[in-house]
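Keeping the supplied structure of chain D fixed, place chain F upon it in accordance with the hints.
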Amino acid sequence: MNSFFINLAYFLESSTNYANTKLFIYEILEDNNSIKRKYFDFCMIFLILSTVAILIYEVNHELLPWLDTYESIAIMIFIIEWLGRLWVSSDSHKHIIIDYEQSQFQNQKYLFVNSFKKIIKEKFSFIVSPMSIIDLLAILPYFRPLRILRILLLFRLFKILRYTNSIQQFRHVFLEKKFEFLTLAIMFFMAIAFGSTIIFIYEGAGINPNIHNYFDAIYWSVITISTVGFGDISPITIQGRVATLFLVIGGMGVIAFSTSIVTTALSEKLLIIKEEKTIGKVNSLENFIIICGFGRMGKVLANEFKKNNQKFIIIDQKEEIINSSVTQNFLAIKGDATDHSLLKSIGIIDGGATTIIAITDNDAVNLSIILTARSLNENIHIIARANNTETKAKLILAGASEVILANEITALVASEYLGQPVAFEAIDDILLNSDGAIMDEIEILNKSNFIGYTLQDINLEQFNLTLIGIIKVKNQNEFIFNPKKDSYTIEEKDIFIVIGNKEAIAQLKIDLLSNKPKRVLDE
Amino acid sequence: MNKEIIIFSFSKLAIQIADILSQKGYKIIIIEEEKELAQEALALGYEVKQISLMDDKNIKSLNMNDNVRAFFCVSDNKNNNLFVTLSVRSIYPKLTIISVSFATQDNKTMTLAGANKIINPYEIGALRIFRSLNKPYILEILDNILFSESNIEILEITIHKDSILDGVYLKNIQIIEEHNLILLGIQDKEIQDKFIFYSSNMNNKIDTGDTIVLLGKDIDLQNFTKLLNNYN
Chain D
974 MNSFFINLAY FLESSTNYAN TKLFIYEILE DNNSIKRKYF DFCMIFLILS TVAILIYEVN
1034 HELLPWLDTY ESIAIMIFII EWLGRLWVSS DSHKHIIIDY EQSQFQNQKY LFVNSFKKII
1094 KEKFSFIVSP MSIIDLLAIL PYFRPLRILR ILLLFRLFKI LRYTNSIQQF RHVFLEKKFE
1154 FLTLAIMFFM AIAFGSTIIF IYEGAGINPN IHNYFDAIYW SVITISTVGF GDISPITIQG
1214 RVATLFLVIG GMGVIAFSTS IVTTALSEKL LIIKEEKTIG KVNSLENFII ICGFGRMGKV
1274 LANEFKKNNQ KFIIIDQKEE IINSSVTQNF LAIKGDATDH SLLKSIGIID GGATTIIAIT
1334 DNDAVNLSII LTARSLNENI HIIARANNTE TKAKLILAGA SEVILANEIT ALVASEYLGQ
1394 PVAFEAIDDI LLNSDGAIMD EIEILNKSNF IGYTLQDINL EQFNLTLIGI IKVKNQNEFI
1454 FNPKKDSYTI EEKDIFIVIG NKEAIAQLKI DLLSNKPKRV LDE
Chain F
19 MNKEIIIFSF SKLAIQIADI LSQKGYKIII IEEEKELAQE ALALGYEVKQ ISLMDDKNIK
79 SLNMNDNVRA FFCVSDNKNN NLFVTLSVRS IYPKLTIISV SFATQDNKTM TLAGANKIIN
139 PYEIGALRIF RSLNKPYILE ILDNILFSES NIEILEITIH KDSILDGVYL KNIQIIEEHN
199 LILLGIQDKE IQDKFIFYSS NMNNKIDTGD TIVLLGKDID LQNFTKLLNN YN
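The listed protein sequences derive, respectively, from chains D and F.
Taking our numbering, I'd label the letters of the first sequence as residues 974 to 1496.
Taking our numbering, I'd label the letters of the second sequence as residues 19 to 250.
For reference, chain D alone in the conformation it holds in the complex (with noise of 0.2 angstroms):
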């Protein structure tokens, strides 16, 4: 049973059409910056409404037989929208392959249960987040045994919230601003209750024949103080009048009052609930990499680890830098990366932040963004980009794990290209996996039916994959280039280096694992 799922999680993780058919229904569904997502949002819209649409006409009509069709097809395609929300919400084969690499690196025997516990656990996290909750209630009353539940209905209408991210921030401004609309619901109460006791006590005694009551009084004071003024109560005493005029003037205080409150409100904690959301984010992420600097480098860097998958990130000091990257869907948050308070609330002490990668244009901050993250976390990997030559010792003395100096490497690159322009071009090819051929390391690990056994056993050559030699992890990974075919023993953690296309390494990796050596196979 455990082999079927690790075969299966290689399996879909080789195969580029699982992977393009994800990320195509990925970003229909949830990637903001995706045209597709644009469409269906629209789409889904005139469906929420047309179907509310259907309800309102059904509460004295009969319902026709192709709108009760309408219907069910809506249905049918919001019940195939939230499975597919519920398949993109998590990469589940790709726990199996972290589980069962990590039990055979550390050799203990592989459990699928763990796995599913987890993958059972995310799936879950998405079934009871509120959006989720909202769709399952709008799909609910459609199915006969809970057709009680009808007024469910019009959690439909809620569902348009997923498709206008805007209504959701403007909900949140409001929860931040809660202490000032609290002051100004106070006011409007005071107001209200002084204009209804002046003009009850003044007029309710019979002497306006429409206030019969407080209740009356009330209303007036409601009308009058929100401007709208219908007329049907009108004061005739001068008591009364001197009330309405206090009352229309405090009315427009409590307008102008509301409105620089939503105006403040949006302009100044628009900011911080982005950027509380984003620490949030980051803190339920694992193995996730922080960027300090956003300039031309980190841009560069961010692609591609967006392009891989790999999660981060980015910090910087520039209000325009942040909002730039985060409308290209990047976690950003604006601060200082020297701030020791910052780097803690993203988890470089005990969260999941495994790397930090200094690469600002000054090497004075990079230099203070080393000390500071070496200062809270003794063991992160830290990575600084230095823009003198002479930094980099210093660099290196504050703590980096390794220094990029962007302008010694690109003449590195120069003088090569000068000398051989071919093979480097072939080279910078491989790195840039511009035309299919990768350069990958693919580890031997010890369940391999092929350790013991010599590299002809392997056969190579169906997999159209040129070996360029073994790094021998046991042998403090010594690097045997180009080794002999026929003589070579394969030994557990041995890392093969290779160049060849994606699909031949992940079939490789595949066949290491549960395919029998060559020889075998011949006997």
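Rather than coming from a laboratory, the hints here were simulated on the basis of the structure.
Using 30 angstroms as the maximum straight-line C-alpha spacing, the simulated DSBU-like pairs for lysine-lysine come out as follows:
no. : chain 1 : residue 1 : chain 2 : residue 2
1   : D       : Lys-1475  : F       : Lys-223
2   : F       : Lys-126   : D       : Lys-1279
3   : F       : Lys-45    : D       : Lys-1365
4   : F       : Lys-153   : D       : Lys-1365
5   : D       : Lys-1254  : D       : Lys-1150
6   : F       : Lys-96    : D       : Lys-1365
7   : D       : Lys-1489  : D       : Lys-1082
8   : F       : Lys-235   : D       : Lys-1457
Relative to the frame of chain D, chain F by itself:
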């Protein structure tokens, strides 16, 4: 022959390029208009010409023919780089021009201006960081092959007429394996100079003018080159 490198503008990148290429035996000539920078270059021992390349007469006076291996256009000013690249290309159509670009979207503009190779320090630096995190073993091996003094090297060989490899199919070259070398691939003149990896399963015929790329230990590569030269 072909040993001069001319570098336009003595920028930080130019300092690194001049340093590395002078160590490889090239003669470096710096073109720098600003007096202070020109003196700095002079102090480091480079030949300096304090002229402006905004003027075609000055570009022509450099006389960049067979004596020049490459022209580097690495000013910190993007517009100057574009202008100088275009001017140099219009005067010297066959010269190898290597120009710097600071943004990915500018790479194409620089190619249109006539550069043979674009170097973008931000792109190169970022990709290096990515590879060091993503595939550290591969990066180390490639660094050893390309940039350090390890005994494994990469070598490209252009096939001449009457070479023993002329007319041979890729999959039939036993001689490379016999020399303990790895054939990485071929740049085939017939397919618009496209580089074809040996692992791509295409069995191209090697013709005169094609370039093969080999990986191997330096001694094996030397023996193989000697063998080819003897036959020629």
